[in-house]
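Undergrad: Here is how the chains run, residue by residue.
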Amino acid sequence: MAKQHTEALPLKGIAGKSAERQLRLHPILIGSILPFILLIIWESLSRLGILPSYLLPAPTVIFSTIVELGADGSLFGHIGITLYRIFLGFLLGAASALLLGSFVGIYRKAEQFFDPIIQAFRSIPSLAWVPLFILWMGIAEASKVTLIAVGVFFPVYLNVVSGILSVDRQLIEVGKMYGLNSYQLVKRIILPASLPSFLVGLRSGLGLGWMFVVAAELMGASQGLGYLLVLGQNTYSPELIIASIVLFALLGKVSDALLKKVEYRSLHWQDRMEQR
Amino acid sequence: MSLQVRNVSKEFETRKAISNISFNTESGEIIGILGTSGCGKSTLLRAVSGLDSSYTGDVIIDGEVCNDIDERLGFIFQQPRLMPWLSVLDNVSFGLKGGKEERRSNAARYLDLVGLKGNEQDYPKQLSGGMAQRVAIARALVTSPQYLLLDEPFSALDAFTKMKLQDLLLDIWEAYKTTILLVTHDVEEALYLCDRLIILKGQPGRKDEEIVIDEPRPRSRGSVNLAEYKEHILERLELTTSATEIGGATT
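Taken in sequence, the protein lines are chains A and B.
Using this note's numbering, read the first sequence as starting at 1 and increasing by one per residue.
Using this note's numbering, read the second sequence as starting at 1 and increasing by one per residue.
Some clues are possibly wrong.
[Unchecked claim] Lysine-lysine pairs mimicking DSS-like chemistry, simulated, CA-CA at most 25 Å apart: (1) K164(B) with K207(B); (2) K201(B) with K177(B); (3) K176(A) with K97(B); (4) K125(B) with K261(A); (5) K100(B) with K117(B); (6) K164(B) with K100(B); (7) K100(B) with K176(A); (8) K176(A) with K187(A); (9) K125(B) with K177(B); (10) K176(A) with K125(B); (11) K207(B) with K230(B); (12) K230(B) with K187(A); (13) K117(B) with K164(B); (14) K201(B) with K260(A); (15) K16(B) with K201(B); (16) K230(B) with K162(B); (17) K162(B) with K187(A); (18) K162(B) with K16(B); (19) K162(B) with K177(B); (20) K187(A) with K97(B).
[To be verified] Partial selection, computed: residues in chain A whose CB lies under 7 Å from chain B: (21) F36; (22) E68; (23) G70; (24) Q170; (25) V174; (26) K176; (27) Y183; (28) L191; (29) P192; (30) D271.
[Said to hold, decoys possible] A few chain B residues facing chain A, derived, Cβ under 7 Å: (31) I69; (32) E71; (33) A108.
By construction, these hints were calculated from the structure, which means they are not laboratory data.
Glycine is no exception: its CB is placed at the ideal position from the N, C-alpha and C atoms.
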């Protein structure tokens, strides 16, 4: 993105390096203008009493709520348990999706055997599992983690399978020409070649993971960001609800950025549009 | 040391691709398989390589019938077919066995041979078509195959790169005296490189003629003698090309 703007450089070329740095910042600055204006409007409307504070408190109030939670230490407990749940669920879901997906992708017979039932399960809205999981595993961690894992599983699985099925047959022939056996073909050609698709699956899986962690914590938890949502609703404190939403947004963004970084690092060999 | 092809035929579901093709190679010879598109040249080469094992007839390598992939054979495809996630060096060492260091130093030697010293750490996306094909050549050579099978290896390259790589191939051949089996539809390329030509014609492709190119190396691309061969071959092929080119499907 930043690259596009360097084209304007020759016009302002005299200004030298500092101008270049300013131009690089441009996209972020441009993107921040609207949120900033909205925040100011929101804040002033709240201060003027036009927005009722019992429905929509001012941004500064929300901010201080977060600070307060941080100050008494409970914030980190909530964030910690939520991160723990999503991490565990994500790991379980992604790992089982990778295993089963590779198996189904590589063996045609396994595809015929497993794929119909997996597709059938996929058509069940994952939240419909909630009552059953609670019945089976109780309201503690196990049912929450399982729900998140189920949510993460499908996007990862689908991407792994389609990634493997679209591996270039020509590359596999090269491997065959060097006498690689099936195991080596999988390890040295099929898995690396389907890595891009797998990583796309991980990112959309993580997105769903965040969605399901909210659902899991809404259905009954004594700690976690989702619990703060419920607590805020029960105690008529919208600032707590919004604070929790903001924290979800931040954590979601950060975790996605981390995955994106991993993706960029491990796919540097790809010949893509966004890389010049 | 020789490679013999004996009565090889191949049928796809709906049609016969090649019919009863036989020829021998002698050690260190460059054999060209020449024909118009759709006559089954590549099919024949895939059968010889073992990539396709559902043919009838025998491929005999050094006296033993061989129906499978064999490490004595190296294959250079029409496209470079490099692994995009591997560096140039790792692409070349792809087919090697043994320790990493040993493989890499071996690969580096062959990269030098094809004129790509200094590009070891590049990735395929950074290479031009000619460079990528050089890497593919190095990758095929690094396992020191006794027979090198080439499937229209230079047909996707521009004229100048093509000539350079043809000369590179000849240099390699001089150095290693590998037996080379070259599939091509380029008559000039075949005449410039090969000791002997096998002309395939028709659908299914049959061996039409075997021509020994009696011209000392180094050959001149503009040689009058070669031009006469060319005229003869074109005459031979054009008799049936009008019929075959319409149906010409796979190469």
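Undergrad: Now, for every hint given, state plainly whether the structure supports it.
TA: Results for each hint:
1. K164(B) with K207(B): violated, 30 Å
2. K201(B) with K177(B): violated, 29 Å
3. K176(A) with K97(B): holds, 14 Å
4. K125(B) with K261(A): holds, 20 Å
5. K100(B) with K117(B): It holds: about 19 Å lies between the C-alpha atoms, which stays within 25 Å.
6. K164(B) with K100(B): Violated, because 31 Å separates the two Cα atoms, which is more than 25 Å.
7. K100(B) with K176(A): holds, 20 Å
8. K176(A) with K187(A): Holds. K176(A) to K187(A) sits at ~13 Å (cutoff 25 Å).
9. K125(B) with K177(B): Violated, at roughly 32 Å.
10. K176(A) with K125(B): Measuring from Cα to Cα gives roughly 23 Å; hence the hint holds.
11. K207(B) with K230(B): holds, 18 Å
12. K230(B) with K187(A): violated, 47 Å
13. K117(B) with K164(B): Roughly 17 Å between the alpha carbons, so the hint for K117(B) and K164(B) holds.
14. K201(B) with K260(A): Given pair K201(B), K260(A) is violated - Cα atoms ~54 Å apart, limit 25 Å.
15. K16(B) with K201(B): The given pair, whose Cα atoms are some 13 Å apart, holds under the 25 Å limit.
16. K230(B) with K162(B): holds, 19 Å
17. K162(B) with K187(A): violated, 34 Å
18. K162(B) with K16(B): Status violated; Cα separation ~32 Å.
19. K162(B) with K177(B): It holds: about 21 Å lies between the C-alpha atoms, which stays within 25 Å.
20. K187(A) with K97(B): holds, 15 Å
21. F36: At about 39 Å, which exceeds the 7 Å cut-off, the nearest Cβ of chain B leaves the hint on F36(A) violated.
22. E68: violated, 49 Å
23. G70: With a closest approach of 43 Å, the G70(A) hint is violated.
24. Q170: Hint on Q170(A): holds, closest Cβ of chain B at ~5 Å, below 7 Å.
25. V174: Holds. Min distance 5 Å.
26. K176: holds, 6 Å
27. Y183: Cβ of Y183(A) sits 15 Å from chain B, so the hint is violated.
28. L191: Since the shortest Cβ distance to chain B is 10 Å, the answer is violated.
29. P192: holds, 5 Å
30. D271: holds, 4 Å
31. I69: holds, 6 Å
32. E71: Nearest chain A Cβ about 6 Å off; hint holds.
33. A108: violated, 18 Å
Going down the numbered hints, you'll see the structure goes against 1, 2, 6, 9, 12, 14, 17, 18, 21, 22, 23, 27, 28, 33, while the others check out.
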